[in-house]
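Just need the whole structure built from these sequences, with the hints factored in.
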Amino acid sequence: MDEQQNVIEMANIVKDFNGFKANNGINLELKKGEILALLGENGAGKSTLMSILSGLLEPTSGEILVRGKKVNIKNPTVAKNLGIGMVHQHFMLAHSFTVLENIILGHEPTNGPLLNFKKAREEVLALSKKYGLSVNPDAKISDITIAQQQKVEILKVLYRGANILIFDEPTAVLTPQEITEFIQILKGLAKEGKSIILITHKLEEIKAVADRVIVIRAGKSVGYFKVANVSDEKLAELMVGRHVEMTLHKQPIQLGPEILQVKELKVKENRGNLAVKGLSFDIHGGEIVGIAGIDGNGQDELVEALTGLRHVESGQVKIKSKDMTNQSPRKITHLGVSSIPADRQKYGLILQLPIAENLVLKNYYHSPFSKHGIINFDKIHQHAKKLIKQFDIRTTNENLAAGELSGGNQQKVIIARELNLNSDLIIAFQPTRGLDVGAIEYIHKQLLHERNNGKAILLVSYELDEIMQLSDKILVLHDGQLAGKVKPKTTNETELGLLMTGVKKERA
Amino acid sequence: MDLTTILALIVSSTLVYSAPLIFTSLGGVYSENSGIVNIGLEGIMTMGAFSAIVFNLTFASTFGKATPWLGALVGGIVGLVFSLLHAVATINFHADHIISGTVLNLMAPPLAVFLVKAIYEKGQTENITANFGYFSFPGLANIPVIGNIFFKNTSLPAYVAIVLAILLSFILYKTRFGLRLRSAGENPQAADTMGVNVYKMRYAGVLISGFLGGIGGAVFAEAISGNFSVSTIVGQGFMALAAVIFGKWNPIGAMLSSLFFGFAQSLSIIGNQLPVISKIPAVYMQIAPYVITIIVLVAFLGKSVAPAADGVNYIKAK
Chain A
-14 MDEQQNVIEM ANIVKDFNGF KANNGINLEL KKGEILALLG ENGAGKSTLM
36 SILSGLLEPT SGEILVRGKK VNIKNPTVAK NLGIGMVHQH FMLAHSFTVL
86 ENIILGHEPT NGPLLNFKKA REEVLALSKK YGLSVNPDAK ISDITIAQQQ
136 KVEILKVLYR GANILIFDEP TAVLTPQEIT EFIQILKGLA KEGKSIILIT
186 HKLEEIKAVA DRVIVIRAGK SVGYFKVANV SDEKLAELMV GRHVEMTLHK
236 QPIQLGPEIL QVKELKVKEN RGNLAVKGLS FDIHGGEIVG IAGIDGNGQD
286 ELVEALTGLR HVESGQVKIK SKDMTNQSPR KITHLGVSSI PADRQKYGLI
336 LQLPIAENLV LKNYYHSPFS KHGIINFDKI HQHAKKLIKQ FDIRTTNENL
386 AAGELSGGNQ QKVIIARELN LNSDLIIAFQ PTRGLDVGAI EYIHKQLLHE
436 RNNGKAILLV SYELDEIMQL SDKILVLHDG QLAGKVKPKT TNETELGLLM
486 TGVKKERA
Chain B
139 MDLTTILALI VSSTLVYSAP LIFTSLGGVY SENSGIVNIG LEGIMTMGAF
189 SAIVFNLTFA STFGKATPWL GALVGGIVGL VFSLLHAVAT INFHADHIIS
239 GTVLNLMAPP LAVFLVKAIY EKGQTENITA NFGYFSFPGL ANIPVIGNIF
289 FKNTSLPAYV AIVLAILLSF ILYKTRFGLR LRSAGENPQA ADTMGVNVYK
339 MRYAGVLISG FLGGIGGAVF AEAISGNFSV STIVGQGFMA LAAVIFGKWN
389 PIGAMLSSLF FGFAQSLSII GNQLPVISKI PAVYMQIAPY VITIIVLVAF
439 LGKSVAPAAD GVNYIKAK
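Protein chains in written order, with the working numbering: chain A, -14 to 493; chain B, 139 to 456.
Among these hints, one or two may not hold up.
Within a straight-line C-alpha distance of at most 30 Å, the following computed DSSO-like cross-link-like pairs (lysine-lysine) qualify [unchecked claim]: (1) A:LYS59 with B:LYS338; (2) B:LYS454 with A:LYS125; (3) A:LYS55 with A:LYS235; (4) B:LYS338 with A:LYS55; (5) B:LYS454 with A:LYS331; (6) A:LYS205 with B:LYS338; (7) A:LYS176 with A:LYS17; (8) A:LYS59 with B:LYS454; (9) A:LYS205 with A:LYS187; (10) B:LYS338 with A:LYS104; (11) A:LYS253 with B:LYS386; (12) A:LYS253 with A:LYS55; (13) B:LYS312 with A:LYS104; (14) A:LYS192 with A:LYS472; (15) A:LYS253 with A:LYS176; (16) B:LYS312 with A:LYS115; (17) B:LYS454 with A:LYS6; (18) A:LYS430 with A:LYS187; (19) B:LYS338 with A:LYS103; (20) A:LYS172 with A:LYS114; (21) A:LYS235 with A:LYS470.
Everything labelled a hint here was simulated from the structure, so no lab data went into it.
All values derive from a computational prediction rather than experimental measurement.
Listed below in structure tokens is the structure:
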């Protein structure tokens, strides 16, 4: 087969959802053995396009050619038979099953009425050897790491004979070291002749691994580049549709009084084991302290303890010199704490309620929003209109249910509510999770603005970029303990990664 | 009484009382492994018991010795049809599994009693003449000591149930159907993307539980109660459910737990024939199986791990 032949050609793809064109004339070409990055904001149409390619959706119009032949991918089975396989962002694995059982499910080799585990194991081991995807086929999924689970997902697709692989945001859950390994795996797959489409919004990954990149904005393909010939700035600008500042301009730090003091804090997780194991740190006004770490190392419990949602076993939380250990969330809010929760839909908003009511969730009960226990809706609506304008929340009106907004705008509602409280301490937990470049830039600017106004900010994030860009001080959390204390200017992602995995221990 | 006689008495009565629980709990294991919680086992057993007794009374003269076995089959089929309600409600209409199961439990006794009145014009049926009775294995029963304890005058349905447990365990863990059924109860989204028909697997799980639950009820009626009334099935379905949990959602585990619960039930019946135990007031022996069920549930419910998507409705995205 000619190296330059297109294995996939998608021409002028249009997908119309009741008048809304999610895809509006997208063209895509994928060559054999190449890694093609698909770059775009949330809602740009990447997922719709890939759903069309994997048979989950049918295009309204347009043409798809696989290896030069026109095809009609009307269901996932057709896609599978064409050798198209997708590795989903949220792994599709049965946790109590073994690796082997997960891989063969749906395509089980049998020996009479019985499953032929021997044959399956041989085939899987051969695949994992060929592509460098080492994983124990007899281990249970619940016992292996996220990175290994991802290998299982890749093996699943390869086991089904795919030679066109689609990866949906594959590195979102990996540590820097795991990302490096993953990139090697991708390159290995491409070398063996597999064609790869990589959906991502991380520019540095595209630089590291992709041959070409397609930028998609508002349902249209707006750019098609060889990665070697294009700059990050250009890609970001095309993706968002306007100029984006890639580096934040930080004013020199103006340290204020101590706002938060945490001493020997111990907090248990739901099953009763200690999740935060004696943590001490403090934050002053005018600084952003970033907490880096892999998901599940005590971040949830720490934030919940600080905001009064979880019982503190021992230790002390002092806010503005007042002991606020095990106080109610309302008392903590009153003293001057704003909190941006990690899960905006579960803890940040009441999705069924209108935006206006969501904006006063923390102060509806006092003047000017209520008097003698009776709510003044006029005031609530005026307040909402003001904040919608001030924080640029894209909505038709303030009566729309919060659940109907896009992710980025939902987050803006929370940011507006929390920053409007004018608190001295702002706890931001994964404030840009799942948001696109434009929204991330906006939220980062808001947080920096608050810092420059002398607020103390605790930033807990799994995104190292975010921690590195915003923080004045970085604390690395590993297994509920402080694994290191570093300055963003004198560290790098490799060092942070080692600290996060507990390989390197350092006390400063 | 010598020791062999005492042991033989305990083993045979344990087996008699275990048999209905084993059948029903095996059904529960299949339903829950497919992802559908089935607390309707009690109601399914009631329908199985009712239909088996009606069949037995009507056809005993026609089928003779085969009658109780055919009655069990009829009970199973009626149980299967009755469990369809639960399957449709939970799988197609995404109803809460507990509520749907409760509907079965609330509906079965009045429905069965109503039909009994319509057919026999009284509140309970006559006693059947063709019951399971006691069975001695030819040959095996003559083995000294062991033959007396295990193979003489014992319950054949219990042995069928034990063999069935081994077979069902094999199917669940070693065959394609078993793997796919479990995948529907563990992660239906994953199963769906892998080409497994989740709805089909869940239907299979519920209908198997209906069939086996119906057989369980039939075996209880034709081996123990001998007739059908509103108080024939009182808690055995819940006991079978407890055996599912105690047995960690595993066919062999459920079978062993059922033997344990069967033993507890049989003690209240044969207790007065046993030394020491006969001195305990009967009322304590009668409540023992239920107390033991509660204790087991409280002690083990938190610890054993159900299939991850057990009780979670799967709605296919479109």
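Inset, instruction - Measure nothing beyond the straight line between the CA atoms of LYS55 of chain A and LYS235 of chain A; if it is 30 Å or shorter, mark the hint as holding. - result: Given pair LYS55 of chain A, LYS235 of chain A is violated - Cα atoms ~53 Å apart, limit 30 Å.
Legend entry - Agreement of LYS176 of chain A and LYS17 of chain A with the hint, judged by alpha carbon distance not exceeding 30 Å: Holds, because 10 Å separates the two Cα atoms, which is no more than 30 Å.
Inset, instruction - Measure nothing beyond the straight line between the CA atoms of LYS454 of chain B and LYS331 of chain A; if it is 30 Å or shorter, mark the hint as holding. - result: 23 Å, holds
Legend entry - LYS172 of chain A paired with LYS114 of chain A [C-alpha distance capped at 30 Å]: 15 Å, holds
Legend entry - Holds or violated: LYS312 of chain B to LYS115 of chain A, with C-alpha atoms at most 30 Å apart: 28 Å, holds
Legend entry - Given pair status - LYS104 of chain A, LYS338 of chain B, alpha carbons within 30 Å: 27 Å, holds
Legend entry - Straight-line alpha-carbon gap LYS454 of chain B to LYS125 of chain A, limit 30 Å: 26 Å, holds
Legend entry - Proposed proximity, LYS104 of chain A with LYS312 of chain B (alpha carbon, max 30 Å): 14 Å, holds
Legend entry - Given pair status - LYS386 of chain B, LYS253 of chain A, alpha carbons within 30 Å: Distance of about 28 Å is within 30 Å: holds.
Inset, instruction - Mind checking the alpha carbons of LYS430 of chain A and LYS187 of chain A for me, to see if they're no more than 30 Å apart? - result: 19 Å, holds
Inset, instruction - Given the hint that LYS253 of chain A pairs with LYS176 of chain A, test it: the Cα-Cα distance must not exceed 30 Å. - result: 47 Å, violated
Inset, instruction - Starting from LYS205 of chain A, check that the Cα of LYS187 of chain A is at most 30 Å away, please. - result: 19 Å, holds
Hint violations for this structure: numbers 3, 4, 6, 12 and 15, all remaining hints satisfied.
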